[in-house]
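Residue numbers (this note's numbering), protein chains in the order written: chain Z, 1385 to 2158; chain U, 1385 to 2158.
Because the hints were derived from the structure by calculation, they are not lab data. This structure is a prediction, so every number in the text was calculated from the model and none was measured. Be aware that one or more of the hints could be misleading.
Heads up, the list lumps identical chains together, so a pair's fine if it works in one copy or across two of them.
Straight-line alpha carbon distances no greater than 35 Å define the calculated DSBU-like cross-link-like pairs of lysine-lysine that follow [said to hold, decoys possible]:
hint : residue 1 : residue 2
1    : Lys1871   : Lys2124
2    : Lys2124   : Lys1940
3    : Lys1916   : Lys1871
4    : Lys1871   : Lys2083
5    : Lys1669   : Lys2115
6    : Lys1668   : Lys1558
7    : Lys1558   : Lys1663
8    : Lys1558   : Lys1669
9    : Lys1558   : Lys2083
10   : Lys1603   : Lys1558
Protein chains: 2
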Amino acid sequence: MDAYWRAANYLSVGQIYLLDNPLLRQPLQLAHIKPRLLGHWGTTPGLNFIYVHMNRLIRQRDLSMIYIAGPGHGGPAVVANTWLEGSYSELYSDISQDEEGMRRLFRQFSFPGGIPSHAAPETPGSIHEGGELGYALFHAYGAVFDNPDLVACCVVGDGEAETGPLAASWHSNKFLNPRTDGAVLPILHLNGYKIANPTVLARISHSELECLFVGYGYKPYFVEGEDPASMHQLMAAAVDHAMDQISDIQRQARAGGEVQRPRWPMIILRSPKGWTGPKEVDGKKSEGYWRSHQVPFSDMEKPEHLRLLEDWMLSYLPRELFDAEGRLRPELAALAPTGERRMGANPHANGGVLLHDLRLPDFRDYAVPVPTPGGVRAESTRAMGEFLRDVMHRNPHNFRVFGPDETASNRLGALFEATDRRWMAERLADDDHLGVDGRVMEILSEHACEGWLEGYLLTGRHGLFSCYEAFIHIIDSMFNQHAKWLKVCSEIPWRRPIASLNILLTSHVWRQDHNGFSHQDPGFIDHVVNKKADIIRVYLPPDANTLLYVTDECLKSRNLVNVIVAGKQLERQWLDMPAAINHASAGIGMWEWACSDQSGEPDIVLAAAGDVPTLEMLAAIDILRQIVPALKIRFINVVDLMTLQPQEEHPHGLSDTEFISLFRADTPILFAYHGYPWLIHRLTYRRSNHAHLHVRGYKEEGTTTTPFDMVVLNHLDRFNLVMDVANQVPKLQSQAAHIKQQMRDMLNRHTQYIHEHGEDMPEIRNWQWPEARE
Amino acid sequence: MDAYWRAANYLSVGQIYLLDNPLLRQPLQLAHIKPRLLGHWGTTPGLNFIYVHMNRLIRQRDLSMIYIAGPGHGGPAVVANTWLEGSYSELYSDISQDEEGMRRLFRQFSFPGGIPSHAAPETPGSIHEGGELGYALFHAYGAVFDNPDLVACCVVGDGEAETGPLAASWHSNKFLNPRTDGAVLPILHLNGYKIANPTVLARISHSELECLFVGYGYKPYFVEGEDPASMHQLMAAAVDHAMDQISDIQRQARAGGEVQRPRWPMIILRSPKGWTGPKEVDGKKSEGYWRSHQVPFSDMEKPEHLRLLEDWMLSYLPRELFDAEGRLRPELAALAPTGERRMGANPHANGGVLLHDLRLPDFRDYAVPVPTPGGVRAESTRAMGEFLRDVMHRNPHNFRVFGPDETASNRLGALFEATDRRWMAERLADDDHLGVDGRVMEILSEHACEGWLEGYLLTGRHGLFSCYEAFIHIIDSMFNQHAKWLKVCSEIPWRRPIASLNILLTSHVWRQDHNGFSHQDPGFIDHVVNKKADIIRVYLPPDANTLLYVTDECLKSRNLVNVIVAGKQLERQWLDMPAAINHASAGIGMWEWACSDQSGEPDIVLAAAGDVPTLEMLAAIDILRQIVPALKIRFINVVDLMTLQPQEEHPHGLSDTEFISLFRADTPILFAYHGYPWLIHRLTYRRSNHAHLHVRGYKEEGTTTTPFDMVVLNHLDRFNLVMDVANQVPKLQSQAAHIKQQMRDMLNRHTQYIHEHGEDMPEIRNWQWPEARE
C-alpha cells in the first residue's frame, strides 16, 4: 500500500512539473519541465493517502464508495488515483496506462487544452469540484440520502473547515437515517496550513478538538504523525474501526425497531502539509509548512531546483512502481478495486446514469377552477403543494423537498399529508410532522438546503428547494459553482444529464408584511441570468394554474437551474387550466380578455411579469377603461423571462419577428416587472423597439408596511402606472395633466387611509377585474 | 427586576396588538386592536429577560455594554426596553414617556409610516438588524475589537445558530485579545423552536451541547427553566459568574506578561418560546411551542380572543408597573442605567459619533514611477500594500485589514512590516507574522471577514476587506443587508455617518491561472449596482497609481460601499502620478497618448474598464495603428464605473452632454469591460448613443489556462477587438474581410503556440506600447 501511495504521489508531482520524460529515464532537464508551474501540492499527498486506504476498505468489504475531495484543488491526487485504477483511461483512451499515456497525463494537467487543476467535472468519480470551499460535507450527505448501500468518504480540509457552511454541515448527522440512507465517513484532514497561515482547528488543544466533534455528535478517531509506515498502520486501524462502527449502526437500524440517531464515526487525520515533499527549499522550511501549499518551488532554471525535483520524484522509487512500459506493476494494480467498485467508476458519481424519470401525477388534476379571470382567489403555492404531495407519494425513494423551515409557511403544507420533516435528533410527543423517515428536509441554513440538494441531484435523484426570495442570495456563490459544473458537464460526453436544480422563491419582495426592508430583494434573478443561457431558466407564473404547469415542466427538465418566483398569498386567479397551459407553454402572450386593441394597432402595450405586477397592471387597465375608454390597449403577460432575450442569446428567446409582433415596432411599452427594472432593459436592449420601453419594478424602497403601500413606494401601483401611460401615449397628451392629477388624488387618498388605519383601503383589497365584478 | 421585565413584556405585546387604550383603562374592544397583526412574539420575552439582567449588570459594575439581538425580529423587545430606560424618547420626542407616548409607541410598530418590526437602524442602541440570520456574533466581535472597555452582549437565537456563518462565528474567540479588545458575552437562547420546527441545538443531549461549546473554546453556563422567580436567580448568578470571569481574564491580560487565549464564558439560556404568553390558543399549545413564533393568535373578531389578549396583558399587572400618567414607576425606572450607560444610548451603537478621520499618509509618496506609458511593469496591489502599511502605522487603534488568508497572496504583504496577523490560538516558533496584537484579520471565511468588518465599522472605526473576486459572492447577502442598513441610516438624522465598507477584489476573473473556471466570476459588480446609488461605488483602476488615488478616496469616504477591482499580477503601468490623479479624480477620460483623433472626429471610440481590458484594448490600438494608420481612434478609460450611468441615476453619473462629448453622438463605440458585458448596456441604455455601443467582456468561458488564452476564450483579446473594429467602422468596410483574415491568422498562430508550449507567445507576454518600445 505504501508503494501504491508512492505511485500516486509520483504521478501527482509529475502532473505539476513534467512535460516529458515521465519515467525519468533520462536525467531531468529544463526541457522536460512545464514552462508554467501550476497546481496545489500541499493537500495532495494526504488525499492520495486516504484514497489508497479507501481502496483497501472497498476491496476488503466490497463497498460502494465515492470520494469527495473537499480540497478539490488537490486535483492531481484524484486524477493520479483514477489513472492507477484504470477508470481514467477507460473514459479518456488517449491517456492510456503506459509511458505515453503517463506523458500525456502529466502534460495535460493545468495545460491549455488540457484539464483544470481541480477535481472538476472532467475528473472521473468526482461530484465535487471544491474550488470554492465549504460544501464538501453537504454534498456528501446529499449523495447518501436514500442510497442505503453507498458510503461517501468526505475529506474536509482544515482550511475549508473554517468556513461557515462547513462549520454548520457537521450537524447533517441529525438528518441521516441509518436504515434508509447510506453513510458518510468524514475525514478532517489537519495538515495545519492554508495559503499563508496556520488553520484554526490545527491550533486548538487536542481536548478541545475532540470535544468539538463529540459536541457535533460524532465519535472522532485520531490518526496523527508523519512517519509513513506507522501512519499506514494507524490509518488502517482507524478506518477499520470506523467502518465496523458504520456497519454496526446500519445493521442495528435495519434489523427493525425504533431508529435512534447514532454517534457516527469520523476521522481526524493530522499529517504534514506537502507530506513526502522536499523538507526545505532554498533553506526555507517546506514540508509541514504553508510554503508547500501550491507549487513548492519553481525557478527551474536553477540547476539545484532541477536536482531537487529529480531527487524528490526518485524518492518514490518509480522503478519499483512502474514496469518498463510505464504500467503500474501488477502486484500493485491488484490492490485497487475493480469495475464499478473503483471510486473513479462508481456510477453514483455520474448520477445521470442512475437517473429515473419522476412518476408525475397529471398536474391538470390540481387545477384551481377559474370561471372568470380574477373571479376567485387562491394561494398559488398551496395548489403546487398538493401536486408536490402526490409527486412525493409516487416517488418515495428519489424525490425530496428542501427548505429553511418554511415549507408550511410557504403553503406547501400538503406535503405533510405524504411525509414528515426529516428529524433524527430528539423528538417530543407534541412534535408536528417530524419523523425519522421524513422526506422534507428543513434546517435554518440555506447553505444546507442547497448543498444537500446538489449532492442529491448529482447522484441521480430529484428535488426542489423552496426559499424566501431575499435570502436565496445566501447561496449565490453555491449557485455559481453548480451552474458552472452543469455548463462544463454539458461539454463532456460521458457525463449523463441529471435532474435540474429547482428553486422556488416565494415569500417574495412584495409581500414581506411581517418583515420589511431586510427581506426585500428580488436580485437573485439578475444573478442567475449572468450564467450560461443553456443552463438557466426563470419563470414568473402569475397564478396557480400557470405555476402548476411550470412546476411540472421544471420537474421533467434536465441539467438546468430553474428559478420559479411565485407568491404564497391569497391572490386573484386569472387563467383556467387550458388557458394556463396555452399561456405558460408559450412563456409569453397576450391576454385577449384584457386587451382592447382587437380592432387595430394598440396605442400602448402594457406588459407584466410576476403576480403582483400583473395584478397592478390589470387594475391600471381597469382604471384606463373607465377614464379613457377609447384607448387601445394590448396586455402581455410574461411567464418565462428568457423569452425577452434575443433568440441568439437564449434558447427560449423570441425571434425579432415574434417580439415585434407582440410588442409592436413603434408603440410605447410600459412593463411592470417583479424585480429590479433594469433587468428588463438588459434583456431587451437589442430589440429594435427597445427605445419605446419604460419599466417599473422594485427600486429598493420598502419597510414593514401594507402590500399596497409597498407597490406605491416603488411606483409600481395602478395609479402610478396610469400616470406612466398618460405620459407615454401621444394621443393622451391633452388629457395627461388631468389624468395625472386624478391619479395623484387617488394616491393621496389611499396613502392617507393607509397611514390612518394601518391597512389598505377596502377598494384596493377587494378590487376585482370588471368581468368578475358583474 | 421581575416587574421591570413584566413592563417590557407588556409593552412588547402592546406593540404587536394595540392601536389604542394602551394602559387598558377601558375594557378591551376590537377598535383598540390593529387591523393587521404583525410581529414576532416568540423570542421577545427572552430578549426582554436578558436586557433586564444586563441592565442590572451594567449598573452594578458601571459597564459600557451594547446589546446585539441576533433574533432582531424581536424588535418590540429592544424598542420596549429603550423606551423604559428613556433613550427612545430622547431620540423620538413624540414617543414620550407617558400614556400618549405609549399609545404612539404601540401604534407605530409595524404600522405604515411607523417603524419596522426589526431591531432596525431606527432602533436606538442597535447595530444589528437581524432580519437575515447568521451574523450576530461576527458583529459583536467586530464591535469589541480595539474597544477594550466595551462588552457586547450578543443574543444568539437557536434558529440562527443553525446557519453556517453563525456556526463558524463561535471561533471568533481565537482572534480576540483580552488586553486590547473588549469582551463578547454570547447568550445562546434555546427557546426550542423556529417558525414550524424544533431547533437542532435544543434537541441534542445536554452533554453534547456542553461539549460543543467547550470544543468551541468557551466555558458554558446553563440557565434552564420556566418559572420566572427561579429563572431570575439562576440568570443573575450566571451573568455574575460570567462577568466575573471576563473581568478576571481582562485583569490578568492587562497586568502585563504574555497573553494567552482564555476560555471565555458564554451562557446557554433555555426558556420557553413565547414565555409568559398564553399557554393555549383555541385548545392548541402556544407557550413553549412554535405556534408562538409570530403573533400567537389573531382573528380578533372572536370575543374569546379579545378576552385572551386582555387577560394576557393584565397578567403583567400594568397598574403596578405604570403610574396614572403612564410612566414607569420611579422605583422601577431606577433599575435602569443612566446616560450613556443605557444600552439604547451607548455611543458605540451609533458609531459615527465616535468616528475619527484616519491619519492618512500622502498617497503620492507611494507612486510607481512611469516615465512613459507602458514602459514599466508593477504589481498594482503591491504599491497599495505599501500605502496601507503606513495607514496601519499611523492608525494603530482604529484601522484593520480583513481577508480570507490572502493578504500576502494579494500582494498586500507590506502590511506585515507594520503589524502581524492576529492569532490567539496556539503559536509555533516558525510561524510567520502571527501575533496576539496583529491587526490583519485572516480566517478562511468570507463571512467572518465581512461580519467582523461590519461590526468594526458600525462602531466607528475603519477597515478594508480584500478578497478573491469570485468568492466575494459568498457575502452577497451580507452586503445586501449592510447596504440596506446604510440606506436607511442616511434617512435617520441621529445616525451619524460611519466609515465606508471598502472591498478590494483582486485575484480577479482574468488571472486565475492556478484555479480556473470555479474561480472566475466578475458578477459582484452586477449585484452591487442593484442597491441604492447613493450608497455604492465601483472602481476599476487600470494601474498602480490610479489604484493609489482610489484607495485614498475610499478610505476618506463615509457611508458607502466601495468596491475596487484591481489585479495583483505584474502588469504594464500607464499613468504617472499627476496623470493618474487627473484621470481617477474625473473617473473617466481620454488618454491622449493613445488617441489619434486629435485632428477631428474619431472614426471609432474605443473604451476600456479594468486592467486586463485596458491592456488588450491598447494592444489592439497598436495593431490598428500599424495596419490602418489613417484610422482616427479615441481611447477612453473608465475608472469609476458609475460615471456611465445617467446623472439622475447616480451622483457620479456624467451628464448627457459630457457623455456625448466623450463618446460622440454617432460614432461606433467598442467597449472592453472587465466583467459581464451586459452590465455596460444596463448602465448606458438611456444614453442617446447607446445603439452604437458594442461591448466585450467575460462571457462565462474559462478553465485553467494561460492569461492570453483566457481573453481569447471570451473574445476580449486584441485580435478579436481589431476584428470588432473592422466590423464596426464604415470606412473600413472594404478592408474588413482582409483585416479579419489577418487577425484570425494571428489568433490561430497564438492559440497553436499556447497549446504546444503551455504558455503565451513571447510577443504577447512582452508586448509594449509603441512609445515604450522605442
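Status of each hint after checking the structure:
no., hint, result
1, Lys1871 x Lys2124, "between (49 Å within a copy, 30 Å between copies)"
2, Lys2124 x Lys1940, "neither (48 Å within a copy, 44 Å between copies)"
3, Lys1916 x Lys1871, "both (7 Å within a copy, 33 Å between copies)"
4, Lys1871 x Lys2083, "both (32 Å within a copy, 12 Å between copies)"
5, Lys1669 x Lys2115, "neither (81 Å within a copy, 62 Å between copies)"
6, Lys1668 x Lys1558, "between (45 Å within a copy, 27 Å between copies)"
7, Lys1558 x Lys1663, "between (42 Å within a copy, 29 Å between copies)"
8, Lys1558 x Lys1669, "between (42 Å within a copy, 25 Å between copies)"
9, Lys1558 x Lys2083, "neither (41 Å within a copy, 41 Å between copies)"
10, Lys1603 x Lys1558, "both (14 Å within a copy, 24 Å between copies)"
Hints 2, 5, 9 from the list above are not met by this structure, while the remaining hints are.
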